[in-house]
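Starting from the known structure of chain H, fit chain S onto it as the hints suggest.
There are 2 protein chains.
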Amino acid sequence: MMRLSKYVGFGKGRAQNHDVAGDSPVTPVSGAPNGAIPDGAMSNGTSSHGPPKTQTAADVPESSVDVLMAAAWMAHCGIKTRIVDKRNAKIFSGQADGLQCRSLEIFDSLGFADRAWKEANHMLEAQPFLLRLYDTSDSITQNPGSDGVIRRSDRIPDTIVGLSRFQQIVLHQGRIERFFLDNIKKHSNDTIRVERGVLPTSLTIDESKVDTNEGYPVTVELRHLTEEESTPKQQVSASKVPDGLFRSNLAQEDDEADLIDKNESRAGKSEIFHAKYVLGCDGARSWTRRQLGFQLEGDSTDHIWGVMDIIPITDFPDIRMRCTIHSADNGSLMVIPREHKLVRLYIQLKEVTPDASGRADRSKITPDLIFGAAKKIMEPYNLEYQYCDWWTAYQIGQRMSTNFSSHNRVFLAGDAVHTHSPKAGQGMNISMQDTFNLGWKVALVARGIAKRDILPTYESERGQVARELIQFDQRFSRLFTGRPAKDVMDAEGMSMEDFKDAFMKSHLFTSGLSVNYAASNLIVKQDSDGSLAKGLPVGMRFKSVKVLNQADGRPWHIQERLKADGRFRLVLFAGDILSPPQQGRVHKFCSELDGPGSFLRRATPSNAPIDSVIEVLTIHSSKRTETELLRDFPEILHPFDEHNGWDYNKVFVDDESYHEGFGDAYVNYGVDKERGCVVAVRPDQYVAWVGELEDFGDLQKYFEGCLELGGSGAKLNDH
Amino acid sequence: MMRLSKYVGFGKGRAQNHDVAGDSPVTPVSGAPNGAIPDGAMSNGTSSHGPPKTQTAADVPESSVDVLMAAAWMAHCGIKTRIVDKRNAKIFSGQADGLQCRSLEIFDSLGFADRAWKEANHMLEAQPFLLRLYDTSDSITQNPGSDGVIRRSDRIPDTIVGLSRFQQIVLHQGRIERFFLDNIKKHSNDTIRVERGVLPTSLTIDESKVDTNEGYPVTVELRHLTEEESTPKQQVSASKVPDGLFRSNLAQEDDEADLIDKNESRAGKSEIFHAKYVLGCDGARSWTRRQLGFQLEGDSTDHIWGVMDIIPITDFPDIRMRCTIHSADNGSLMVIPREHKLVRLYIQLKEVTPDASGRADRSKITPDLIFGAAKKIMEPYNLEYQYCDWWTAYQIGQRMSTNFSSHNRVFLAGDAVHTHSPKAGQGMNISMQDTFNLGWKVALVARGIAKRDILPTYESERGQVARELIQFDQRFSRLFTGRPAKDVMDAEGMSMEDFKDAFMKSHLFTSGLSVNYAASNLIVKQDSDGSLAKGLPVGMRFKSVKVLNQADGRPWHIQERLKADGRFRLVLFAGDILSPPQQGRVHKFCSELDGPGSFLRRATPSNAPIDSVIEVLTIHSSKRTETELLRDFPEILHPFDEHNGWDYNKVFVDDESYHEGFGDAYVNYGVDKERGCVVAVRPDQYVAWVGELEDFGDLQKYFEGCLELGGSGAKLNDH
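From first to last, the protein sequence lines stand for chains H and S.
Per this note's numbering, residue 385 is the first one in the first sequence, and the count goes up by one each step.
Per this note's numbering, residue 385 is the first one in the second sequence, and the count goes up by one each step.
Excised from the complex, chain H in its bound form (with noise of 0.2 Å):
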């Protein structure tokens, strides 16, 4: 048995000691398997002994998004989830910001894409992290520095046009909890909240027990915290603005060991669970992390950047918009507008430097250091504020842990398995990105629906996201702490041109959208020259674009159709549904789909919908209005059911709308309209498996590989 130690878990089962008042009740949600009997249940300062209720539970708001992440996803499939925080508050302002186009394809699966949108400010002008350059050195007219004047070098989309329905926008890190927290509330029936001001001392896991899915490998052991302990201290400030320091990597590491020393004292307030599966975002002093033994691996620069949220007073003629400004000798600042009149401004930091052990002296930074070091990059214009939002300082460097997992039982995620510059927006998104991959898959696999096989999937993809990050990061910081070239012989400086090059290259990777995972049983690359759906390669998010629907003719963006509830999906491109081969070849892969051994039936359990495990969905692309459901479609592609007849929301047209046009779905996917093809889809919207209408037996195999075939799961939540 290993001894590890910390936050978190999430699993399913049941306590059996119910002596600690004072918690709210645990109550399945709806759709909850088999055993999860609902209790208020956590053992208290003893060791709890049979099957116990397990959790997840996570820690540190720096990174809470991404175990937020993880929770939405326990929340719609039904898993019993306890969530822990050693803060005793959610954020409330500050912290990250940029919301990427992948994430907001997965608010909007999960339901609150348009909470977000609705609230954020969107920037429309600007490269991925960079709108318009400016260059006090002038060197787009060769006569540097001869006005001193800041000098747009170009204009470009923030957002590659056409790349996804959504574009990137700013919306500060508490107003996103409260997405989550809310959605998590609405999709659990509140039975999966934040414990904060909760603390977890130990962690081991019984390696026993890992391989199999009965036992509860994972002990943690919790203490609740004062509220004074749970505080985070502010650095005493003229301004009295909050500071996000205490969450920086320039904070010190033994405010937490102090936590846990004075839990020796306090044994009355621990209490220990038993958990199938714990997730650590931890954020980058990762304590589970360390306990589990890995290394993060990389370094830090010597570049200190100060961020401040203000309502700035200038007359800086695009502080409406994001840009980078580098200035000859001063540093660079880059200007990210948020909302409400904020804006945020990195700025880099030229007077403080770190000491000989590599850190820098966190006290000596103030919003008056910071604000000074903008005022001069900005020169000749005036800037000013009389109100800030909050303001914070950082080092930069890229690492990345030598592991993502133990036994596939504890996780690592976000900041504690990678970290580097926030500039590129990416550290929120790509932290929420690990955990989206991670949750289904945990869920499916507690729920017995899905193999243990599949969780090492979680290190290969994002392992694979976070080296191509750190990458990234590596080149794309150097870029900004470089100062401008005088002229174009300048060797030391940079040229505007490569920095604008490297920005454009770089639009791909910050949306989020560039992510191709490799060959695995969850993706099997039989359809890897793209012949049949070049526009839906194998390993990448299943890009949208608008279909209608049969029955009542709305058009609909089909990833709003492939739901965060945990379903697999299956899109049958049913090609000329009108024309009579076409016909043959759907109704003979529907009589398989439907045939008693199949996937579909076989992956659903005894008591449950045909559509509870794995979804059916239908793209045709003969006229809407020529066609008719009950008469052209097998009726396994629209199931019925006696209470509400058939269903009519899975058959889809890819025709003309009266009023928002024509998604042209066939040409944008590239698939043949009259012999259409069938893509299976996993929970997560990345396509898994592309073939024909007679590769029924391929895509039987890829299920049989990754799901549990004979009908015992347990029914998913229908969301």
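If you are wondering where the hints come from, they were derived from the structure by calculation, not from laboratory data.
Some hints here could point you the wrong way.
Where chains are identical, the list cannot tell them apart; a pair therefore holds if satisfied intra-copy or between any two copies.
What the hints assert, rightly or not - In the DSSO-like style, the derived pairs of lysine-lysine whose C-alpha atoms are separated by at most 27 Å in a straight line are:
(1) Lys725 - Lys1007
(2) Lys1007 - Lys759
(3) Lys570 - Lys759
(4) Lys570 - Lys725
(5) Lys570 - Lys502
(6) Lys569 - Lys502
(7) Lys725 - Lys947
(8) Lys569 - Lys725
(9) Lys947 - Lys502
(10) Lys1085 - Lys918
(11) Lys748 - Lys734
(12) Lys1085 - Lys947
(13) Lys947 - Lys569
No experiment lies behind these values; they were computed from the predicted model shown.
Using the frame of chain H, we list chain S on its own:
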């Protein structure tokens, strides 16, 4: 003094009598006017004296959304308001359900169109009333009744393409009430709540006070009902499904009299309060209207219709489309697909007829009777259901009140002043639009911002709409109750062509977008030939197209900037601001606007921001990237504030966006791209005045005609 009675009151002021416990304190919303002192008062059993607190109250959930619309205005404008409802619960199912384009535009101006849009069923293929005609008489093939199969006669988009950025949707009234209640709570800081189980029992108007702005001429007596009294009695039926008969016009008026009679023995539970204004939204049998002595003039027909909300199980192919089925002998049926698999059926009941008094016996009407009629009409298709959500029945009648207001102090709206059949989906929409017209006028007058002279425009403007509605419904209901023509020579029947033609013509009317208010002190038809802005006819609502924010390039539907916050708006079409002659014209206009005697300065209270009463928005036609906010536009167009700097949300450009196309505003509005024009817009988004940049004097006169200019008004909330 005129003795009246019943429901309601709004205005500004305060109560002096504080002796009722148990009522939640009424606190002023932010930006409350001078003199609005928070207190929890409501006088109890005795007359109060002195300046009392004034409020809005209203009744009858049948029309509850109209009173909520008025309350929303009061919340957005910071007016203390009280709402009373004799029923003890909000609506949870059934009732009105269709939301027309204009209602959605209004919801958007209040801030919750997105919630309705997300939850509703979208009807795409239909006429405003009808999607497809089914004709068992087979008139198309001139072979009447040969096979009995229902035939499609046509397919039509449900909403005229390009009419609005919204299309008609369907969502039950309970959800719409929820959106209103949430919105009112948010914008009134939870001070405006619906008091349920409260029945107004008398209402008097002190005529000596009606013409001044200071007094509280309306006195209302209220009685708090018991739980039993305020619970609607349901008809006992085998199905136990909630029915709406108690709200139907088939219900008896003496229910209400009963409640008032009981009042006599419960004096201790009554209270008296004083109001500046009272609004009665108490339905077709409006007690307020009867007390005011106004008549409902018009007729009832013999036709009785049943309504059922069911999840149908049917092989009828178009059950998810809006359609109308005319059977040869069994009457007509309308299909309205709803959210959550529900479908509403309107079913002509040929077996129930009114008695000698003109009333049908409602005890005969059961779900079985209604559904039996539906099944007959639907033949030869099968129609069954296992779940019924709600049902009711009504008698068609078109009537209109002789007056809409008494002394412009007590107002009536919705079904209290116009009744008609519900099938056109007009009831809820036109009722809400009544109070959307009234609310801001009362709020601005109560605030001292607008002149009392604007109040008669409520009756002139909405009376005109009501007359059009009655005429429309008379023509329209006849279409539904006629039997289809057997062939072209059949004089008694109605040909499908006539039917379709009538429906096509009604498109625009039912959308709510054909309303064109006549000239008044709020509507000045100076640009009557539309030579300056053909696309913005004076008297009609300001059509929305997309423009870009000059400062950040973000596309906005211009209506998104015309929020329902009680402010008038001046839209300055600045033309080509980079052309020197045009620049001169814009600067001259702006210097007049900025002058000390201008309506803008004089309308603004002394300590309030310059955009508190009238907001100036600019749309120019130069290239965005060649224009700069601070350099090219006079400061009055983007006012400076010492805390927040310049305002970046006032100047827009008619230019192409990166991701959302080109609104082409100048072309769509018919405005000259070089010279522009000036448009005054009312708080309810109606175009009030159009003129040249040189017509400042006329513009000044417009505002002198409707606003109290003198800087004495209070500051409105700035949303």
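Hints and how they fare:
1. Lys725 - Lys1007: between (48 Å within a copy, 24 Å between copies)
2. Lys1007 - Lys759: Answer is neither; intra-copy 62 Å and inter-copy 30 Å both fail.
3. Lys570 - Lys759: neither (46 Å within a copy, 39 Å between copies)
4. Lys570 - Lys725: So Lys570 and Lys725 pass the 27 Å test across copies only (21 Å; inside, 31 Å).
5. Lys570 - Lys502: both (20 Å within a copy, 16 Å between copies)
6. Lys569 - Lys502: Cα proximity of Lys569 and Lys502: in one copy and across copies (21 Å, 19 Å).
7. Lys725 - Lys947: Intra 33 Å, inter 18 Å, cutoff 27 Å: inter-copy only.
8. Lys569 - Lys725: Cα proximity of Lys569 and Lys725: across copies only (25 Å, versus 31 Å in one copy).
9. Lys947 - Lys502: This pair counts as both: shortest intra-copy Cα distance 20 Å, inter-copy 14 Å.
10. Lys1085 - Lys918: Only inside one copy: Lys1085 and Lys918 sit 23 Å apart there, 64 Å across copies, limit 27 Å.
11. Lys748 - Lys734: For Lys748 and Lys734, the Cα distance is within 27 Å only inside one copy (13 Å; across copies 87 Å).
12. Lys1085 - Lys947: Classified as within: same-chain Cα gap 24 Å, cross-chain 56 Å, threshold 27 Å.
13. Lys947 - Lys569: Intra 17 Å, inter 31 Å, cutoff 27 Å: intra-copy only.
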